[in-house]
Amino acid sequence: MALIDLIEESVVRVPLAAVGKDAAIRELVDTLVSAGKILDAETAYRAVLDREAKGSTALEEGIAVPHGKTLAARELTIAIGISAAGVEFGSMDGKPTRLFFLLLAPPDKAGPHIEALAEIARMSRSKAFCASLAACRTPSEVVRLLKDE
Amino acid sequence: MTRPIRKIMVYVDGSEQSITAAQYAIVLAKTLGADLYALYVVDTRALAELVNSRIFLESEQEEYRRDLDGDASRYLNHVRELARRKGVPVAAEKASGAVHVEIKAKVASLGVDLLVLGEISQIRSRRDELYNETERAMRTAQCPVLVAKGEDKIWDLYESLE
Numbered sequence: 036m037a038l039i040d041l042i043e044e045s046v047v048r049v050p051l052a053a054v055g056k057d058a059a060i061r062e063l064v065d066t067l068v069s070a071g072k073i074l075d076a077e078t079a080y081r082a083v084l085d086r087e088a089k090g091s092t093a094l095e096e097g098i099a100v101p102h103g104k105t106l107a108a109r110e111l112t113i114a115i116g117i118s119a120a121g122v123e124f125g126s127m128d129g130k131p132t133r134l135f136f137l138l139l140a141p142p143d144k145a146g147p148h149i150e151a152l153a154e155i156a157r158m159s160r161s162k163a164f165c166a167s168l169a170a171c172r173t174p175s176e177v178v179r180l181l182k183d184e
Numbered sequence: 159m160t161r162p163i164r165k166i167m168v169y170v171d172g173s174e175q176s177i178t179a180a181q182y183a184i185v186l187a188k189t190l191g192a193d194l195y196a197l198y199v200v201d202t203r204a205l206a207e208l209v210n211s212r213i214f215l216e217s218e219q220e221e222y223r224r225d226l227d228g229d230a231s232r233y234l235n236h237v238r239e240l241a242r243r244k245g246v247p248v249a250a251e252k253a254s255g256a257v258h259v260e261i262k263a264k265v266a267s268l269g270v271d272l273l274v275l276g277e278i279s280q281i282r283s284r285r286d287e288l289y290n291e292t293e294r295a296m297r298t299a300q301c302p303v304l305v306a307k308g309e310d311k312i313w314d315l316y317e318s319l320e
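Residue numbers (the numbering used here), protein chains in the order written: chain R, 36 to 184; chain E, 159 to 320.
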């Protein structure tokens with residue numbers, strides 16, 4: 036399944052209100068709960084926090100890819116968040132993170148999980164595209180940009 | 159004239175589309191009297207890419223590699239069971255590496271006459287076209303390729319197979 040097939044306005048949070056790392060993760064997980072993608076927010080939240088405890092998933096240029104395996108997700112699911120001010124997420128270049136791709140997958144869906152993460156990795160290499168994404172002001176702009184890419 | 163399709167290989171990646179492709183390959187193998195092969199490729203290239211981009215830790219790469227191995231065994235067993243129900247022998251194989259490269263290599267080494275793939279996700283961009291592994295397998299395999307579309311029809315064909 037292509038990453039784009041998972042993206043709809045209900046899983047996009049713009050702007051992300053959180054100012055801290057844990058709160059940003061919580062807000063993205065709650066977005067997935069509101070969208071009906073996951074049932075148990077606490078289990079999903081813990082799965083992502085446990086992964087972050089091993090090392091930050093914040094890359095360079097204001098992008099982070101928090102992820103986790105959890106039974107709280109019945110299928111591979113993604114939330115996208117954009118923070119106007121940026122969140123201190125422990126990035127490699129020390130810059131605040133503005134663009135978040137949070138992925139959750141059940142433990143028996145490693146293949147699609149890897150495929151989606153790899154797709155984000157490739158997308159994150161385009162600085163121009165990420166800058167355009169981070170500049171979006173509404174969920175519909177985000178979806179339009181990703182689907183028109 | 160020799161039979162044009164004596165060896166059929168289906169690529170299974172765990173998606174519903176690839177399971178539908180497996181059902182169709184079973185139908186074809188039984189109808190044509192062809193040998194059937196099923197291949198799952200553990201995508202180690204994608205894993206390495208995630209470590210290089212620092213989305214994955216080294217330890218995570220190994221953990222997901224084990225998960226993918228588990229997926230491979232599970233889905234290949236599922237295909238074996240689907241084939242067994244219809245009395246079709248299947249040789250199921252697991253490979254690792256870049257998906258389209260491994261498919262191409264297996265097609266060549268087995269002398270496959272027909273590669274069966276699951277329906278391909280809608281290609282929405284040039285990037286999709288470049289990176290979608292099923293799409294790449296379709297373009298690079300050196301044999302006729304069949305894309306199994308029409309889940310309901312294939313299900314009916316599979317179910318009605320004696």
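I should point out that these hints are in silico values taken from the structure, not numbers from a laboratory. Beta carbons are placed, not taken as given, at the ideal position from N, Cα and C, and that holds for glycine. Where hints are given, some of them may not hold.
Okay, the calculated bits of chain E under chain R, using three or more residues with CB under 8 Å as the criterion [as the list claims (entries may be wrong)]:
| id | stretch |
| --- | --- |
| 1 | 164-178 |
| 2 | 194-205 |
| 3 | 213-219 |
| 4 | 223-232 |
Right, here's what the structure says about each hint:
1. Look at the stretch 164-178 of chain E against chain R: 3 of its residues bring a Cβ nearer than 8 Å to a Cβ of that chain, three or more, so the hint holds.
2. Proximity of the stretch 194-205 of chain E to chain R, defined as three or more residues with a beta carbon under 8 Å from a beta carbon of that chain, is established by the 3 residues found.
3. Chain R is given as covering the stretch 213-219 of chain E, and this holds because 5 residues of the stretch bring a CB closer than 8 Å to a CB of that chain, at least three being needed.
4. Counting residues of the stretch 223-232 of chain E whose beta-carbon sits less than 8 Å from any beta-carbon of chain R gives 5, enough to reach three: the coverage restraint holds.
Hint check: no violations occur; every hint is consistent with the structure.
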